[in-house]
Amino acid sequence: MMKLRTKITLLVCSVVIAILLLNQYPVSMSLKQTVMKAGASALMDITTQLSSSLSAADGDFGKDTAVLRTLARQAEECTNCSGVAIFDDKFRLLYSTPGLKPDETALKKYKDELLQGKKQYDIVSEGKSDSLIYAACPIYRSDGTLQGSILSTLQYSSNHRELQKAQRDLNAMTVLVMLIALIFVWDLTDNVKGTMFNLEPVEIAQLLVERNILIDAVRDGILSVNQNGEITHANRTARLMFEKAGQPFDDGDAGFVTLFPQFSLQNILNGNQPIYDNERRLGTDSFYVNFIPIKISQPQHESLLVTFRPKQEVVRFAENITGVKSYVEALRAQMHEFNNKLQVVSGLVQAQNYTELETYIHGVVHLKNRELQQISGKIGDPTLAAFLASKFDRASEQRVDLVLTDRTELLGRLTEELLQDLILIVGNLLENAFDALQGCAMRTVALEIVETTEEIYISVWDSGPEIPEKLRENILEYGVTTKKDGNGIGLFLVNQACERYNGYITIVSEAGDGTEFTVHIPRMREEERHVPGIDC
Numbered sequence: 001m002m003k004l005r006t007k008i009t010l011l012v013c014s015v016v017i018a019i020l021l022l023n024q025y026p027v028s029m030s031l032k033q034t035v036m037k038a039g040a041s042a043l044m045d046i047t048t049q050l051s052s053s054l055s056a057a058d059g060d061f062g063k064d065t066a067v068l069r070t071l072a073r074q075a076e077e078c079t080n081c082s083g084v085a086i087f088d089d090k091f092r093l094l095y096s097t098p099g100l101k102p103d104e105t106a107l108k109k110y111k112d113e114l115l116q117g118k119k120q121y122d123i124v125s126e127g128k129s130d131s132l133i134y135a136a137c138p139i140y141r142s143d144g145t146l147q148g149s150i151l152s153t154l155q156y157s158s159n160h161r162e163l164q165k166a167q168r169d170l171n172a173m174t175v176l177v178m179l180i181a182l183i184f185v186w187d188l189t190d191n192v193k194g195t196m197f198n199l200e201p202v203e204i205a206q207l208l209v210e211r212n213i214l215i216d217a218v219r220d221g222i223l224s225v226n227q228n229g230e231i232t233h234a235n236r237t238a239r240l241m242f243e244k245a246g247q248p249f250d251d252g253d254a255g256f257v258t259l260f261p262q263f264s265l266q267n268i269l270n271g272n273q274p275i276y277d278n279e280r281r282l283g284t285d286s287f288y289v290n291f292i293p294i295k296i297s298q299p300q301h302e303s304l305l306v307t308f309r310p311k312q313e314v315v316r317f318a319e320n321i322t323g324v325k326s327y328v329e330a331l332r333a334q335m336h337e338f339n340n341k342l343q344v345v346s347g348l349v350q351a352q353n354y355t356e357l358e359t360y361i362h363g364v365v366h367l368k369n370r371e372l373q374q375i376s377g378k379i380g381d382p383t384l385a386a387f388l389a390s391k392f393d394r395a396s397e398q399r400v401d402l403v404l405t406d407r408t409e410l411l412g413r414l415t416e417e418l419l420q421d422l423i424l425i426v427g428n429l430l431e432n433a434f435d436a437l438q439g440c441a442m443r444t445v446a447l448e449i450v451e452t453t454e455e456i457y458i459s460v461w462d463s464g465p466e467i468p469e470k471l472r473e474n475i476l477e478y479g480v481t482t483k484k485d486g487n488g489i490g491l492f493l494v495n496q497a498c499e500r501y502n503g504y505i506t507i508v509s510e511a512g513d514g515t516e517f518t519v520h521i522p523r524m525r526e527e528e529r530h531v532p533g534i535d536c
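All residue numbers for the sequence shown refer to the UniProt record's numbering, where the first residue is 1 and numbers rise by one.
Accuracy of the hints is not assured; some may be wrong.
Capping the alpha-carbon separation at 20 Å, the derived lysine to aspartate or glutamate pairs in EDC-like fashion look like this [claimed, not checked]:
id, residue 1, residue 2
1, Lys-311, Asp-277
2, Lys-311, Asp-285
3, Lys-311, Glu-279
4, Lys-244, Asp-216
5, Lys-378, Glu-455
6, Lys-483, Glu-313
7, Lys-244, Glu-279
8, Lys-7, Asp-190
9, Lys-108, Asp-88
10, Lys-90, Glu-113
11, Lys-109, Asp-89
12, Lys-483, Glu-510
I should point out that these hints are in silico values taken from the structure, not numbers from a laboratory.
Based on the provided sequences and hints, a complete structural model is requested.
Written out as structure tokens, the structure is:
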């Protein structure tokens, strides 16, 4: 993966190389033409000046070759003149620069024009590298008649010093610009990468995608608010929570002030301290809200991260994870059963039917004692036995026939941690079974708890409908439920408690045969708690 600095550096170098190539060809040609036009203009001036000097000689023009040669050599010594040829009025050659005889083609081209007294210059390319500049100018007598003509020459080649100097200067300027640009690029990339925490663009894009997926996967509502109070991002859970609370919003209309009118965004940002677990009411529901200010120094930028979760969900989760819900349900069932019996007792007292009252009380006590003896004979721990007794009351309240199988036997000593986990497991499995039977004609639940030398296994079977196969694979995961108003916490906690002992859960569910959850808890871990470590 190519880095940002490398990409920008290569881009600048490519641009400079392209400019250098343009300097060597199109720009170089344009520069050469400019220089040659300037040279042609200078050659024309030299030729015109020589013509004026020869005109001043007048009568001596054709006879005094010394004067002719002197004036011609003065012109030849000029930088922008390579040679001079002087002709009389019949276009006969009177003087020519030694070693530089005029080209026959040029003589034919300019002869008629010079005889007519015309003045001009022309650039002729003789090859890829050399060019010739001709300047033609007539010579007049004082009376205005044509006395002769001059044909001057200037030869340009690819190694002409002026052209070479101009090309070198242009290339040097281009390289200098490249070096300055590279310095700026280096500084720019340092600033950019510092702002981006030394991450490359590809890494930033990957982090952005991962962040959005992660935020949407979180079960808490999450909002990102800029310093102007505008919501820049809201995850899926946040939208659902606000819609459920009666405050639907979209990014265009909703803002921090609209959703949290009781808070000052500026005060939270200036405080620089997160605010956790602030209970607030949004719409019709209560939420625990967290405000976390975020500040970036380079460049200076402020924003606010808001997370929230419904209070009802937090309380429900706490009840499940601590086992409080199981105790509350058990107490409520016992209270309901007690109220029913108390009403019968109250009616008999009011009717003053004391004989029937005594018989009823003895019957209730006998039934309860027999039920407790049946449970206590199979379950050794009194706390777990009392809990199961309350579940029988709960089943009666739900009009469910709860059966404790004959094979049930758990007489061994239980640690406090294992006892609490068994209450959590049995309580959640039984409550799920009771809920599954709602609306069913046949309502039967069978509970079996068996202790062997290797494990404790708990089996809960109900006669309800089967669990859909697509849910069976992940029903133990958090949030997965078959209930319409369920939260998917109960079986998740059962699975967690089972995993603490390296146990496992099996599920069998078929149409017409009901559903059975079996939890296997190895005794190995529980025993290891009481075995001292042995050094090998």
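* Asked: Of the hints stated earlier, which fail here?
  -> No hint contradicted; all consistent.
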